[in-house]
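Undergrad: Okay, here's what each chain looks like letter by letter:
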Amino acid sequence: MADPMRIRATAKDGVADVRVLMAHEMETGQRKDASGKTVPAWHITEVTASLNGKQVLVAHWGPAVSKNPYLQFKIKGAKPGDKVSVSWVDNKGDKRTDEATVG
Amino acid sequence: MNRSRRKTLQAAGGLGLYGTLVALGLLPAGEAAAQAITPAAWQTKSIADTLKALGVSAPADSKDIVINSPDIAENGAVVPVGIKSNLPKTEFMALMVEKNPNPLAGAYTLLEGAEADVNMRIKMGQSSDVFALVKADGKFYMTKKEIKVTLGGCGG
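Each protein sequence line maps, in turn, to chains W and R. Heads up: the first sequence begins at 8 in this note's numbering, then just goes up one per residue. Heads up: the second sequence begins at 42 in this note's numbering, then just goes up one per residue.
Isolated chain W, as found in the complex (with noise of 0.2 Å):
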């Protein structure tokens, strides 16, 4: 099981400002170790984010994203005290979901 996310949700004027930094490696598939042989490709592919259970993004990635994957957006219509939860999958299958409050 990787490593939990950290999540951040501040709600300002009906808008909730969510940061997330999952801790992931990203290796690009592209990179060749010591011995010459290629790094295989490991990174996130997806990411999903709930407002209280209802979806309201979904993100698809390629290996360009950087180690250890910031992501920032914005959601309509939250409060403090709401849900914010975010999941991500990786292309091994390995998965993780979080959950932060609007604060």
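Because the hints were derived from the structure by calculation, they are not lab data. Treat the hints with care, since some could be wrong.
Said to hold, decoys possible - Cross-link-like lysine-lysine pairs, in silico, DSSO-like; alpha carbons within 27 Å at most:
{"no.": "1", "chain 1": "R", "residue 1": "Lys180", "chain 2": "W", "residue 2": "Lys61"}
{"no.": "2", "chain 1": "R", "residue 1": "Lys125", "chain 2": "R", "residue 2": "Lys186"}
{"no.": "3", "chain 1": "W", "residue 1": "Lys61", "chain 2": "R", "residue 2": "Lys130"}
{"no.": "4", "chain 1": "R", "residue 1": "Lys86", "chain 2": "W", "residue 2": "Lys99"}
{"no.": "5", "chain 1": "W", "residue 1": "Lys86", "chain 2": "R", "residue 2": "Lys130"}
{"no.": "6", "chain 1": "R", "residue 1": "Lys125", "chain 2": "W", "residue 2": "Lys61"}
{"no.": "7", "chain 1": "R", "residue 1": "Lys125", "chain 2": "R", "residue 2": "Lys93"}
{"no.": "8", "chain 1": "W", "residue 1": "Lys39", "chain 2": "R", "residue 2": "Lys140"}
{"no.": "9", "chain 1": "R", "residue 1": "Lys125", "chain 2": "W", "residue 2": "Lys19"}
{"no.": "10", "chain 1": "R", "residue 1": "Lys130", "chain 2": "W", "residue 2": "Lys19"}
{"no.": "11", "chain 1": "R", "residue 1": "Lys180", "chain 2": "W", "residue 2": "Lys83"}
{"no.": "12", "chain 1": "R", "residue 1": "Lys125", "chain 2": "W", "residue 2": "Lys86"}
{"no.": "13", "chain 1": "W", "residue 1": "Lys44", "chain 2": "R", "residue 2": "Lys140"}
{"no.": "14", "chain 1": "W", "residue 1": "Lys74", "chain 2": "R", "residue 2": "Lys186"}
{"no.": "15", "chain 1": "R", "residue 1": "Lys125", "chain 2": "W", "residue 2": "Lys90"}
{"no.": "16", "chain 1": "R", "residue 1": "Lys125", "chain 2": "W", "residue 2": "Lys74"}
{"no.": "17", "chain 1": "R", "residue 1": "Lys189", "chain 2": "W", "residue 2": "Lys74"}
{"no.": "18", "chain 1": "W", "residue 1": "Lys39", "chain 2": "R", "residue 2": "Lys86"}
{"no.": "19", "chain 1": "W", "residue 1": "Lys83", "chain 2": "R", "residue 2": "Lys130"}
{"no.": "20", "chain 1": "R", "residue 1": "Lys86", "chain 2": "W", "residue 2": "Lys74"}
{"no.": "21", "chain 1": "R", "residue 1": "Lys185", "chain 2": "R", "residue 2": "Lys104"}
{"no.": "22", "chain 1": "W", "residue 1": "Lys90", "chain 2": "R", "residue 2": "Lys130"}
{"no.": "23", "chain 1": "W", "residue 1": "Lys74", "chain 2": "R", "residue 2": "Lys185"}
{"no.": "24", "chain 1": "W", "residue 1": "Lys74", "chain 2": "R", "residue 2": "Lys140"}
{"no.": "25", "chain 1": "R", "residue 1": "Lys104", "chain 2": "R", "residue 2": "Lys93"}
{"no.": "26", "chain 1": "R", "residue 1": "Lys104", "chain 2": "W", "residue 2": "Lys83"}
{"no.": "27", "chain 1": "R", "residue 1": "Lys104", "chain 2": "R", "residue 2": "Lys180"}
{"no.": "28", "chain 1": "R", "residue 1": "Lys189", "chain 2": "W", "residue 2": "Lys39"}
{"no.": "29", "chain 1": "W", "residue 1": "Lys90", "chain 2": "W", "residue 2": "Lys61"}
Following the hints, complete the assembly by docking chain R onto the known chain W.
TA: Below, chain R without anything else, positioned relative to chain W:
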């Protein structure tokens, strides 16, 4: 993603039926509204091919899309890039880096409640034009910005 269901729907005549099923509440709207990202779209080598793989032809230039990034990035492994669209009914946004091995970096489907303002960090092998593709109200728009990289991020 349920592949067999997808194929069945495609075979059954694509969007028309899909829309009906969503309207009837038989399918979750989220998945149905998502822009299809074919695996081929991640493998293409040029912007033109990527657009083709996404099923987009000749997107219009738009000044209402803003690429939010530094003009010069010191470290190509971590380039902060944001896309903001001021077009009404923006439903999909994608980011492409022309000179990366595969241009498509990330694609975002905005469902009800999400604002057209997304920030992320990407890797860039070298200085390049970065393209933001936006789908708003059923039409595609695109804009570009050059980002200079002083230290590449794709090498070993």
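Undergrad: Does each hint hold? Answer for all of them.
TA: Right, here's what the structure says about each hint:
1. Lys180(R) to Lys61(W): Holds: Lys180(R) and Lys61(W) sit about 26 Å apart, inside 27 Å.
2. Lys125(R) to Lys186(R): Measuring from Cα to Cα gives roughly 13 Å; hence the hint holds.
3. Lys61(W) to Lys130(R): Holds, at about 19 Å.
4. Lys86(R) to Lys99(W): Status holds; Cα separation ~24 Å.
5. Lys86(W) to Lys130(R): 23 Å, holds
6. Lys125(R) to Lys61(W): Cα-Cα ~23 Å, so holds.
7. Lys125(R) to Lys93(R): 23 Å, holds
8. Lys39(W) to Lys140(R): 20 Å, holds
9. Lys125(R) to Lys19(W): 18 Å, holds
10. Lys130(R) to Lys19(W): Roughly 22 Å between the alpha carbons, so the hint for Lys130(R) and Lys19(W) holds.
11. Lys180(R) to Lys83(W): 23 Å, holds
12. Lys125(R) to Lys86(W): 22 Å, holds
13. Lys44(W) to Lys140(R): 24 Å, holds
14. Lys74(W) to Lys186(R): The given pair, whose Cα atoms are some 23 Å apart, holds under the 27 Å limit.
15. Lys125(R) to Lys90(W): Status holds; Cα separation ~24 Å.
16. Lys125(R) to Lys74(W): Satisfied, since the Cα-Cα distance of roughly 23 Å is no more than 27 Å.
17. Lys189(R) to Lys74(W): Holds - the C-alpha atoms of Lys74(W) and Lys189(R) are around 20 Å apart, at most 27 Å.
18. Lys39(W) to Lys86(R): Answer holds: Lys39(W) to Lys86(R) is near 20 Å, not above 27 Å.
19. Lys83(W) to Lys130(R): Distance ~14 Å between Lys83(W) and Lys130(R) Cα, so the pair holds.
20. Lys86(R) to Lys74(W): 22 Å, holds
21. Lys185(R) to Lys104(R): 10 Å, holds
22. Lys90(W) to Lys130(R): 25 Å, holds
23. Lys74(W) to Lys185(R): 24 Å, holds
24. Lys74(W) to Lys140(R): Judged against 27 Å, a Cα distance of about 19 Å means the pair holds.
25. Lys104(R) to Lys93(R): Distance ~23 Å between Lys104(R) and Lys93(R) Cα, so the pair holds.
26. Lys104(R) to Lys83(W): 24 Å, holds
27. Lys104(R) to Lys180(R): 15 Å, holds
28. Lys189(R) to Lys39(W): Roughly 25 Å separates the two Cα atoms, so the pair holds.
29. Lys90(W) to Lys61(W): 10 Å, holds
This entry satisfies every hint, going by the numbered hints stated previously.
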